[in-house]
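Visitor: Chain by chain, the residues:
2 protein chains.
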Amino acid sequence: MAVKALVFDLDGTLADSTYQHVVAWQRAFKRGGIEVAALEIHRRIGMDGDLMLQALDRAFALGLDARKRAALKAGHAEAFSTMRDDVRLFPKAETIGATLQSLGISWAIVTSGTKDDVGGLLQQLNVESAGAVITGEDQKESKPSGHPIAQAFEALGVKPHDAGVVGDSVWDMLASREAGSFGIGVLTGGYAREELASSGAFRVYRDVAEFLTRLEEVGIQSKT
Amino acid sequence: MAVKALVFDLDGTLADSTYQHVVAWQRAFKRGGIEVAALEIHRRIGMDGDLMLQALDRAFALGLDARKRAALKAGHAEAFSTMRDDVRLFPKAETIGATLQSLGISWAIVTSGTKDDVGGLLQQLNVESAGAVITGEDQKESKPSGHPIAQAFEALGVKPHDAGVVGDSVWDMLASREAGSFGIGVLTGGYAREELASSGAFRVYRDVAEFLTRLEEVGIQSKT
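Read top to bottom, the protein sequences are chains A and B. Reading the first sequence from the start, the letters are residues 1 to 224 in the working numbering. Reading the second sequence from the start, the letters are residues 1 to 224 in the working numbering.
If you are wondering where the hints come from, they were derived from the structure by calculation, not from laboratory data. Careful, some of the hints might be misleading.
Put simply, identical chains are the same to the list, so a pair is met inside one copy or across any two.
Below, a list of computed lysine-lysine pairs in the DSS-like style, where the Cα atoms sit at most 27 Å apart [said to hold, decoys possible]:
| hint | residue 1 | residue 2 |
| --- | --- | --- |
| 1 | K115 | K30 |
| 2 | K92 | K68 |
| 3 | K115 | K140 |
| 4 | K92 | K30 |
| 5 | K4 | K30 |
| 6 | K92 | K140 |
| 7 | K4 | K140 |
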């Protein structure tokens with residue numbers, strides 16, 4: 001009994017993009033004449049855009065109809081494009097494939113981001129060795145649903161209880177649980193250790209670089 | 001025995017500016033060829049710029065000399081100027097003066113921000129009734145030193161143990177303790193409830209609007 005596969009979230013986990021997304025969404029809201037605190041956006045990042053808007057609308061009765069939602073998504077895309085150059089991978093993220101391959105562990109990426117949003121990051125990530133890369137377009141339901149995680153497990157040919165999900169948000173932890181797996185938290189998205197732990201993270205690491213030095217702690221064993 | 005005065009932090013507490021500052025600092029670092037994760041900047045916002053750079057340098061051995069520090073501060077100022085329009089006050093922040101005045105409670109603002117940075121926000125805040133507004137230029141030491149808080153208490157003519165400090169960051173809580181006062185946390189800067197509580201916050205509120213509906217909980221009594 002050992003962990004055979006890992007599924008990684010992208011934004012906030014492998015790429016330092018959370019804060020730019022928050023500022024871009026807030027700018028879109030402001031231009032739409034809607035005031036939403038940055039914190040409220042931040043703590044809903046990691047859902048896909050539609051679900052985040054639905055959640056904010058429910059929480060603050062923003063009166064978002066289809067036209068407004070479309071305008072907000074376009075506004076976010078436009079604002080984010082001015083900040084895309086600020087986004088980079090976290091240290092060691094590009095080594096995940098080689099490290100896991102050497103241990104015989106399969107891996108995948110599951111992101112709510114669209115191919116347009118994350119294409120450049122995926123190129124930098126050396127995803128050739130990944131068994132699956134599931135972006136927003138590939139998903140019927142997005143995190144915190146467990147569905148896209150389950151899709152990844154199926155593509156990897158592993159059972160949920162033989163795999164872990166690495167993410168920075170409570171939505172990743174919730175999705176991992178729903179998929180029958182377990183969550184591993186990283187702090188790089190701005191959630192606190194306690195928030196991740198109380199939403200079910202089995203362990204919480206500072207960043208993916210630290211996690212890669214602690215793989216045994218989550219049940220990964222090298223095949224020697 | 002009742003609380004007679006409140007000192008408020010500005011960025012992240014009365015104004016929704018934390019995320020813009022994080023993105024602006026990160027852009028300045030990137031242009032200086034230095035990689036620092038947004039989270040590491042975020043959790044040090046609330047110190048003044050010099051102290052934050054010193055703290056990041058100590059943590060990550062960035063090799064910042066005086067020339068680089070000056071360039072980073074200029075880079076931050078330039079990047080932040082492109083986001084200043086996105087910044088707004090939190091709901092009800094502009095009513096603090098009237099509310100506290102009606103209760104006979106004196107108040108002040110203590111911010112590490114410079115007059116240039118925060119002048120526009122102060123104008124919107126109706127600070128005429130504030131007993132003191134202490135900006136970065138007025139301070140020999142900045143938060144988390146208790147010194148600027150003590151300056152405010154002196155200006156207000158209150159003893160530290162008769163006053164509270166409202167802020168969004170662990171640095172506000174630390175400064176309030178050092179000044180002999182007590183801290184009241186708000187979540188709007190992106191710190192989690194547990195982080196504020198474990199750094200000494202007596203109570204933690206969602207935002208300043210919620211706090212204004214709960215003043216009795218921190219020992220404020222209306223003079224009837």
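Visitor: Need the list of violated hint numbers for this structure, in ascending order.
Guide: The structure breaks hints 5 and 6; every other hint is satisfied.
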